[in-house]
Amino acid sequence: MTIIIDRTREKPASSGPVSVAERQREKARPTGLYKARTPIYPKLVHGPWRWLKWALLILMLAIYYITPWIRWDRPGALPDQAVLVDFDGGRFYFFMIQLWPQEVYFITGLLVMAALALFLVTALFGRLWCGYACPQTVWTDLYIHIERLFEGDRNARMRLDAAPMSFDKLWRKVGKHAVWIGVAFGTGGAWIFYFHDAPDLIRTFWVGTAPMTAYVSCAILTFTTYVFAGHMREQVCTYMCPWPRIQGAMLDDQSFQVTYRYDRGEPRGPHKKTETWTGRGDCIDCNQCVVACPMGIDIRKGAQLECINCGLCIDACDEIMDRVERPRGLIAYDTDAAVAARCEGRKPQHRLIRPRTLYYAGALVLVSGLMIEGLRTREAIGAHALRDRNPAHVQLQDGAVRNGYTLKLANHGFETATVQIRYAGVPGAVLTDPGHPGSGPLVVDLAPNVVTSLRLFVTVPAAFVDARAGEAGDDDDDDDEGEGQHASFQIISGDDTKVVRTAFDYGSHDR
Amino acid sequence: MSDRERDDHTGIETTGHEWDGIKELDSPLPRWWLWIFYGCIAFAVVYWILMPAWPGLHGYTPGLLKQSARADVVKELNALQIQRGQGQAILASASLQQIEADPAMQAHALAVGQSVFGDNCASCHGAGGGGAKGYPNLRDDVWLWGGSLEEIEHTLRVGVRSSHPETRMSMMPAFGRDGVLTGAQIGDLTEYVIALSGREADRAAVARATPLFAANCAACHMPTGTGSREFGAPNLTDREWLNGSDRAAISGQLQNGRNGVMPMWGDRFSPAVIKALAVYVHVNAGGGEPSPNKVEAPAP
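Chains as they are written, first to last, in our numbering: chain W, 1 to 511; chain E, 512 to 811.
Isolated chain E, as found in the complex:
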């Protein structure tokens, strides 16, 4: 050590590094710095004793305080249940209309609804409820089973074609597959349905399909084709198509009769959560009174 260079002015050793004549002093650290270092070591030892620290072959040293992040989460979840209980009690005691009209209750219902929707409904209906082919769009004014608050709540509770005894139930027959109609008849009916929604169609085919529609379709879809929310039969005259609007999609539906399924949620969620979900869906569909099935074009 004695051969290290000393700075003339301060008398402190240099590190031996030099840049353009500037040398770096190797000044001693203040001693309290060392104390802080020892303090950190002492802290670590205390921490090992109090907190979970050392891994072993079968688990770890739990520490005297028995601290557990898992137990903390359980505690917080329980506290959350209690906290949510108050809000749920309010939702449970109010009517759907009251919840929607009151700003505070509506905000609460929307928050609950958004969270439950995201976890349970979004996988089919989309994160924003926009739906997809075969999965109804919940943001528009087209409702197979009705768009009032009560009707939405009922659908949520019992599901569609679910195992619930009072489930919403409708059945689009597989006219082609089951041999009820021939391929030519299905082709004619497809033209008829195209014409129902006001589009250009083969007039001769439409004329041939008119008695077929009356015999096979009108019972559910109504003679005018406007559908029925009582039977869950879609309106065929509007611009919205659950399973696709082109000829291939329509004839495919006539051939195979696709029927979607929605689970019943009544046994899974409390009535308060179902209410919140109903309000969430209703508000995001624009709220208000649902519009009736509309006629886009006069029946052919």
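Just chain W, with the same shape it has in the complex:
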């Protein structure tokens, strides 16, 4: 038998214990301008989702704490830390990849990829990021666990908070906050290692000679970790984070979310062991899903802004279902469409491949491909030619014309590169370097990992200037626009020739 429940109907008078959120609303009824936070005491649950959450918590924290300590051998005086944001040197090191500030589009690409992956995962499986991987979730989970170690589980904590101050209450509270602050300090302390050589910084940090930014960053992250994970918790998600407000646009009725299967659960009500299950739903209104929820909501009200999709209520409910000997999965990762189908007596069908998941996946593949291609074809030597604009051209006493350039050569590699520089496209042009007069090809050593700036001059002898003036006649449009003759620098290193486009300005030939 299927029962169709209208979730918007008025609550029956005989409803069981109300949820925390419900109590919150009750409190809000005599409306004031401000509202105190209603404390949430999440109960510890056991089950596969809780285990997954533990495993991911350990994994996330391990990545965060261990990453700055991985070493990666780089030649010369370059830092040997695998992942390092080197502000002083203006470089970002990530294992074999090394990015310069002007290549920040790789970081942008990475963020775009992260956003698209988030969209895709959300469209498929709801807010898994919020439930399992978000730092706010990970650290809050850790802090709640520390709280449990000192103050016990839900009921003990509620009793303790209600009890008058005593030595027992005092040491538990002090101990909890001390460990919280310790963890917060560890969080802030690990953060700064991403910005400076870790073994060096950990020494200078403790002897007080580290840069002030290290202490300030550490203090700020210690403060935010302690406040956000210890005190703010779910309020960060509901009041401060934009993502819960945006995610509604990614979800549709085929997205897997933590769902109370009201088709099976309703009508709910207390159940005695001897009573029959026919003519009623499987939900015994035990409220375990509500007390397990770290967000303080009642999942039986359907998808809500507060729900982070963590699945702890699934574990809580499954435990109860086992006890009352009903099948598991009254609360489960399920889709709205599947629930609606069951309500209508149809067999639910899951569609992972939908237009929106295809769009997100396609965009993700496209951006990833561009990123990989960009990294693969990343130039070893970046070159830019800046033409002198004032004056754009200089006429020498014999009628020759000279243009000045600043050639900037960025050696992205870790070894000194020797390049030969040529100038092409202008008949008769002679390339000179004022610091190194002399004939022969211009050969320059480029120090690794820095930009070498060269002041170069190109002189076109009078004969060629006059010959061109004779050819061009009066309609010298190029010169009027200040564009001049198209020319190029050729940067030759080994078999590679890099061409940098520029121009030569002949100027006007007044005399």
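It cannot be assumed that every hint is accurate.
Said to hold, decoys possible - With a straight-line cut-off of 25 Å between C-alpha atoms, the simulated SDA-like cross-links for lysine to any residue are:
1. K301/W - G629/E
2. K408/W - G629/E
3. K586/E - K35/W
4. K644/E - F95/W
5. K35/W - L536/E
6. K498/W - L375/W
7. K173/W - A622/E
8. K408/W - P614/E
9. K35/W - P614/E
10. K534/E - I492/W
11. K408/W - I492/W
12. K644/E - K173/W
13. K347/W - D336/W
14. K586/E - A600/E
15. K408/W - A622/E
Just so you know, the hints here were simulated from the structure itself, not pulled from any lab data.
Chain W is already provided as a structure; the job is to place chain E on it using the hints.
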């Protein structure tokens, strides 16, 4: 307040605004928001006590920390002096050639030179040193007083027609104004100078001016008209004209004898800065050995 509408589902009052059946809840703010507001007020009070804050009739409340942006600037400038001192010591101890040949010293000299040039030289010679009519172009190979590093440095130190006792000094006489030559003679000489730079000129006038040039001009500009860097006399045979190349400009110069002035910088800048400036000018003029005054056309 009691007559405000309440939302049935949440029990929260609405603002009374409605768009197509959608009503806006007037949800209470979380209380910690209020604490942050009070925290900001407390911060402001502490800030007033510690930092300069309140204006008065005679100044302002300085605050307990006596913070002053002006004092900070002085401190930073002093630190900058010390920092620059190291670079200047290096420049002072090296020769001009060494500075130009060494990439690191050259880069330093160019940076110093560019900054000093922009503040002191650019008003006459142009931001890029391109010059203007009456103000020499420093980017080409035409040098009135010589284009080697040492000669440039010397000119910078003593100036041209400045108050320095050893200043570079030359004098183009005002032949017309002072009555040395007649108007007709100046006209003939103008044709002669035009011919010197290889342009079409009145042959009869050139012939009449030949003894005039030898008597009045050749001493400084040399018999062939190629000029002399020793006397600061311009080369009249090339394509470069400091005061203009047409007949009006040339005859005007013969009539009035315009002489430019360059200040001496030796008493204003340290030797290290003068060196940097010399290297900057030399490098931007193409560097290397300066070419001698060239003959564009054979003497008429």
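Quick rundown of the hints versus the structure:
1. This hinted pair does not check out: K301/W and G629/E have alpha carbons roughly 72 Å apart, beyond 25 Å.
2. Between K408/W and G629/E the alpha-carbon distance is near 22 Å, which keeps this suggested pair within the 25 Å criterion.
3. This hinted pair does not check out: K586/E and K35/W have alpha carbons roughly 50 Å apart, beyond 25 Å.
4. Taken as a hint, the K644/E and F95/W pair is broken in the structure, with Cα atoms around 59 Å apart against an allowance of 25 Å.
5. Our distance criterion of 25 Å between C-alpha atoms is met by K35/W and L536/E, whose separation comes to about 14 Å.
6. The suggested pairing of K498/W with L375/W holds, with an alpha-carbon distance near 18 Å, which does not exceed 25 Å.
7. Proximity of K173/W to A622/E is assessed by CA-CA distance (about 61 Å); at most 25 Å being required, the pair is judged violated.
8. Restraint check for K408/W and P614/E: the C-alpha separation of about 14 Å stays at or below 25 Å, so the hint holds.
9. A C-alpha spacing of about 67 Å is found between K35/W and P614/E, which places the hinted pair above 25 Å, so the restraint is violated.
10. About 69 Å separates the Cα atoms of K534/E and I492/W, which puts this hinted pair outside 25 Å; it is violated.
11. For the hint linking K408/W to I492/W, the alpha-carbon distance of about 14 Å falls within 25 Å, and the restraint holds.
12. Proximity of K644/E to K173/W is assessed by CA-CA distance (about 84 Å); at most 25 Å being required, the pair is judged violated.
13. Between the alpha carbons of K347/W and D336/W the distance comes to roughly 13 Å, so the proposed pair stays at or under 25 Å and holds.
14. Among the hinted pairs, K586/E with A600/E is consistent with the structure: their alpha-carbon atoms are about 21 Å apart, no more than 25 Å.
15. The hinted pair formed by K408/W and A622/E meets the criterion: a straight-line CA distance of about 15 Å does not exceed 25 Å.
In summary, the numbered hints that this structure violates are 1, 3, 4, 7, 9, 10, 12.
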